[in-house]
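These protein sequence lines are chains A and B, in that order. Counting in our numbering, the first sequence runs from 1 upward without gaps. Counting in our numbering, the second sequence runs from 1 upward without gaps.
Just so you know, the hints here were simulated from the structure itself, not pulled from any lab data. Source: prediction; values computed, not measured.
To give an idea of the interface, some chain B residues facing chain A are shown, with a C-beta separation under 10 Å as derived from the structure:
#1 Asn-126
#2 Leu-129
#3 Tyr-130
#4 Met-134
#5 Thr-135
#6 Ser-139
#7 Thr-223
#8 Gly-225
#9 Lys-230
#10 Gly-244
#11 Asn-246
By construction, the Cβ of each residue, glycine as well, lies at the ideal position given by its N, Cα and C atoms.
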Amino acid sequence: MKKLFSLLLALMLASSMLGALAEAPVEIYFLNFKPEIATVYEEIAKAYEAATGVKVNVMTAASGTYEQTLRSEVAKADAPTIFQINGPVGLTSWKDYCLDLSGTAFYEMLSDKSLAVKDGDKVCGIPYVVEGYGIIYNNAIMNKYFASANKATAFTSMDEVNNFAALKLVVEDMTALKDELGIQGVFASTSMAAGEQWRWQTHLLNLPLFYEFSDMGGDTVLSGLAANEIGFTYGENYKNIFDLYTNNSVTAKGLLSNKTVNDSMAEFALGQCAMVQNGNWGASQILGVAGNTVANEDIKFMPIYTGVEGEETQGLCIGTENYLCINSQVSPEKQQASIDFLVWLYSSEEGKAYVKNDLMFLAPFNTFEDDEKPEDPLSKEVLRWMEKEGVNSVQWTFAAFPSEEFKNYVGDALLEYLQGSMDWEGVHQVVVDSWKSERAL
Amino acid sequence: MQKTLRKYFPLFVLPTLIAFAVVFLIPFLMGIYLSFTEFTTVTNSRWVGLQNYVTAFTTNREFLNALWFTVKFAAVSVVSINVIGFLMASLLTRGIRGTNVFRTVFFLPNLIGGIVLGWIWQMIFNGILYHYEMTLTYSPSFGFWGLVILMNWQMIGYMMIIYIAGIQAIPGELYDAADVDGAGPWQKLTRVTLPMVMPSITICTFLTLTNSFKLFDQNLALTAGAPSKKTAMLALDIYNTFYGRNGWEGVGQAKAVVFFLLVALLAFLQLRITRRREVDQ
Numbered sequence: 001m002k003k004l005f006s007l008l009l010a011l012m013l014a015s016s017m018l019g020a021l022a023e024a025p026v027e028i029y030f031l032n033f034k035p036e037i038a039t040v041y042e043e044i045a046k047a048y049e050a051a052t053g054v055k056v057n058v059m060t061a062a063s064g065t066y067e068q069t070l071r072s073e074v075a076k077a078d079a080p081t082i083f084q085i086n087g088p089v090g091l092t093s094w095k096d097y098c099l100d101l102s103g104t105a106f107y108e109m110l111s112d113k114s115l116a117v118k119d120g121d122k123v124c125g126i127p128y129v130v131e132g133y134g135i136i137y138n139n140a141i142m143n144k145y146f147a148s149a150n151k152a153t154a155f156t157s158m159d160e161v162n163n164f165a166a167l168k169l170v171v172e173d174m175t176a177l178k179d180e181l182g183i184q185g186v187f188a189s190t191s192m193a194a195g196e197q198w199r200w201q202t203h204l205l206n207l208p209l210f211y212e213f214s215d216m217g218g219d220t221v222l223s224g225l226a227a228n229e230i231g232f233t234y235g236e237n238y239k240n241i242f243d244l245y246t247n248n249s250v251t252a253k254g255l256l257s258n259k260t261v262n263d264s265m266a267e268f269a270l271g272q273c274a275m276v277q278n279g280n281w282g283a284s285q286i287l288g289v290a291g292n293t294v295a296n297e298d299i300k301f302m303p304i305y306t307g308v309e310g311e312e313t314q315g316l317c318i319g320t321e322n323y324l325c326i327n328s329q330v331s332p333e334k335q336q337a338s339i340d341f342l343v344w345l346y347s348s349e350e351g352k353a354y355v356k357n358d359l360m361f362l363a364p365f366n367t368f369e370d371d372e373k374p375e376d377p378l379s380k381e382v383l384r385w386m387e388k389e390g391v392n393s394v395q396w397t398f399a400a401f402p403s404e405e406f407k408n409y410v411g412d413a414l415l416e417y418l419q420g421s422m423d424w425e426g427v428h429q430v431v432v433d434s435w436k437s438e439r440a441l
Numbered sequence: 001m002q003k004t005l006r007k008y009f010p011l012f013v014l015p016t017l018i019a020f021a022v023v024f025l026i027p028f029l030m031g032i033y034l035s036f037t038e039f040t041t042v043t044n045s046r047w048v049g050l051q052n053y054v055t056a057f058t059t060n061r062e063f064l065n066a067l068w069f070t071v072k073f074a075a076v077s078v079v080s081i082n083v084i085g086f087l088m089a090s091l092l093t094r095g096i097r098g099t100n101v102f103r104t105v106f107f108l109p110n111l112i113g114g115i116v117l118g119w120i121w122q123m124i125f126n127g128i129l130y131h132y133e134m135t136l137t138y139s140p141s142f143g144f145w146g147l148v149i150l151m152n153w154q155m156i157g158y159m160m161i162i163y164i165a166g167i168q169a170i171p172g173e174l175y176d177a178a179d180v181d182g183a184g185p186w187q188k189l190t191r192v193t194l195p196m197v198m199p200s201i202t203i204c205t206f207l208t209l210t211n212s213f214k215l216f217d218q219n220l221a222l223t224a225g226a227p228s229k230k231t232a233m234l235a236l237d238i239y240n241t242f243y244g245r246n247g248w249e250g251v252g253q254a255k256a257v258v259f260f261l262l263v264a265l266l267a268f269l270q271l272r273i274t275r276r277r278e279v280d281q
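The following block holds chain B by itself, in its conformation from the complex (with noise of 0.2 Å):
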């Protein structure tokens, strides 16, 4: 049996294989191939060795600005949507009537496009503004705002889900050890409920993080980077910058590779960080 397998190991791979080189690996060592070129067609490029990421880094200040509300902005949403989780997935796991239908609804927003989200919450907010004469565009607070709770409605269900599991998980006995211990309910949360959660915490932080990193919908939809590209994110900077000029493609493209390596070096570091917190069961 096991030789078997060893043997068609390959082919069955082979199919996964092939989708990934054509769908991920070869655009992926395109992309970084192209950030070193001048090219308006993927097929015509002429190299420029670092030009392109000198003028993305040296030319506006457009990137860095994208960078700092982006940083900004995961950093704030990244804390409100694991905490508010955390809380709903605690209130929810104590048997409480309704316990399902609660889930259901709160991890229903999750399942609805980033476009179609920015939009209805643009028309909220701009519904509300409307009544001091004002729209989202009006200062880049209320966009930065904006996008914070967009995306806690959106996310927090899912994580919601992801700490239920972790909380569910944990040996009742536990507890009943705590309690002969005489622990309160402030040491048995810090003592134990959140050791043991520890790992849902690495996955959720993780799935924030990046996700908040790579926000592009929801920003396109809600604001598209107005008052004047104050509250435009990295990936939207990207995406203006490939598209919105003729013959910077290369710069859009190196801005991309910068994007990758930060969002891949982030996640790492982060991943290093909360696994080494986490418990043996």
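Only chain A is shown next, with the shape it has when bound in the complex (with noise of 0.2 Å):
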């Protein structure tokens, strides 16, 4: 019986393969992550077609859906020559798929070469960007509240906030006098719509178990991984920081399950909020805004505080979710075409324009020279940051977090906290509880 659907099956697929027998030159096939870049990645593609002859294929999967298509198109017989991994959690479903780089030009352009995934001593996956996140404030606004006559606080500048009791005093000063400085609440709207939490449930958890990790020693993300259970000791840190984000909202509490990433980061371009939590990559979402008030060099950074000891030489976020890997199951020619055509485009003068104007990538290769940097607001404050002394950027531990429902189960928690049905007891209760049966499972 299990015979006959097997051989049910297989006929079913047998049609859509016919188109594949035929023998092809050496062609690559990039199944890209980030949808939003697709039109550009398919520009490269041709321009790489013109310089060098071999054909690039570029296949986006939507968003939301990698995982999935990267099974479906490996198990066809034209597979994906490149292909991305999350970090160290993705590679443990996709290793057996991961050639070894180490000795590959490519690997030798990284510039730090810990950034890199490895399984034992197998180079598995080479980031291609890096990125940041904290809290992003509009300086424009900060400066009114400094100069403000009425202000209560004895703080002169942004540079004095480098704690979670400073920035309480600031914003809740600030809220007192929001009417004089023109803004609805002084932090963006606390995104909670279905889909919208990420900057809350994975985000900003990362920082009380960045900090718990921490305590134990080591890497956090491999002591994250390894963690069957965890207390959330900091997370009255946690409510701290998002009690703060919610007081003092553009938006009530009860209201915010409505709103969208979007939405925050459309009342900061509209200067409406003074501050809001998002990475680098939300630059395009403020410049992009019609009727964004917010200059240039107005939008600056700053790290999450949240009332951890010493957290004064903590930086921002700094860490990738993206690793590029070479298809170990494709034969050694498109293996190596596939490097090529990376080393191509992050070292050839024609790809690394590419990458810093079009991709807009914090690429983390020797081959790009200061002036080679993207030139957003956002990305050079994430350099600055990495660059300033005595300042640590915090990992992304979130690469350890169980699963995507672990982050689910805190969403909905958070959401009914707001809501007034659920305590912070409760909360810290579903956090530790779906840790422990997330990894279980």
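Mind docking these for me? Both chains are given alone in their own frames, and the hints should help you get the complex.
This is how it looks when you write it as structure tokens:
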């Protein structure tokens, strides 16, 4: 019976495979992860074919479906030669398909070798973009506050705001003066609509867990991956900043479940609020809003302070979720062609121009000179914070979160907390319990 | 003539049969098979026996919660849709002026797709709740009643049309005879109208019952299960299981098979019960 079904299934697929039988010259098949830049990759593919004669097929997975798409594409005869994983978690399911990249020209270009994902000594994935997030603030509004005669704090510039206590004082005083400052709230809406909660259940949750795993010593992602249970010991710190966001928000707590990330970014762009938590990828969302009132030079970053001891030296959360891998199951010619393509993209003049101007990547390769870095205000800020003396970036520990569902449970609990149907104790419990149950699956 | 028909019968039925097999029968059988396997692509599956069924019920309570929510929803909406639909039908068969306009207006919501309806009603509800600084996700009961209102709005018109057809088919002599026997309006309703429209009631309860259980679009667009999956119905839970987790496709499939058996059983029972009450005209 089972055999019959397999036969049936095989037959159904067979028709779709007929087209792939013809022998083709070496072609690169790049399965792209970022839908927002799909068209840029297609242009790059054309340019590469014009320059070298090698054809690059770019296929883009729809948002949120990369894993599924990759699974079905890899099963085909014409499998992707270049694909992406999201870090150590993705590596566990794809390591059989990852070519060892150590010794290749592409790996040599990586400026910080520790950024690569490795399986033992095998170099499996190489990051191609570094991103950072923190609290984005509108410096014009901040200066207006610091210049105000009615302010109740002694701060005179954002450089002095270097811990949670200071941030809280400033923010609460700004809320009191919001009419004078011309804002509707200090923070943009804490977007809690379905699918729009990632800034809280992933990015913000990164901080308490980063500190918890730091206390265990060693690499926080590795400690996190090894942790079957967590204590959420820095939960109070999460509550600190989350309450600050929602108590001083543009939108009342009960209405937040309607808000999207786009709404928040638009509020920031229109000057209705002074701060919003997001990453450098949000630059286009600010600059692209019609009626944008924020000048480029006023868009600044500050770290997310949560009231942890010694956080004055904390920097932005810097990391990457995007690693390029070469499929080890395709022919060696295709593997080499794929590596050549990536080397071209990240080291040739033409390729680098695409990376800088169109992809707008902060690429972690030593082939990029200082004047070849992206020029949007937030990327520049990320660089400024990375290079700042005496400041340590926070790692993207959320790569160790047990599953997507874990994040969703936390997001649901946060929403209930905002709506008053759950107390903080309940949220704490959900974080601890769902980590344990999701890790056990 | 009969003979030729019988001779060419297979030929004429073939296109439909192929279409039916390709889009329904084969996927259905594949689905049942896949519920006993672990798979990510349908061509690459590994037999795991009943494991998926065990996981569906024991790992967490989401499936059972969704089941209970769906049962409550179906109970409320089947009754309310049919009662209101029948009332509308009896009002609109009395020759009131503008009957046809009303019939059309009440039927119109049924022509709008579920996702669109869900969004429209979400905006309406949130617009009202805005004044109280709340949204639909504030409490599961908001979502529940929101769904009931939405479904009533959508389905009443359709059921009404079926009841109108049923009422119009009742011979007028029956009412004349009832008048002669001295029956009042209530007796006429319970002793004449209801028994005579029993076939319509069978159809309408069948449609509302199965539709309530299979509800998906409206649920997704209105609340998407928020808060904390407390307003997720069976179909949405299956969808979330299938697409929400890697490696859980088989579990989603197992839930879907359980879902199918449940709906089939309920529909079968309901048909038997209401059929028995139908009278021959």
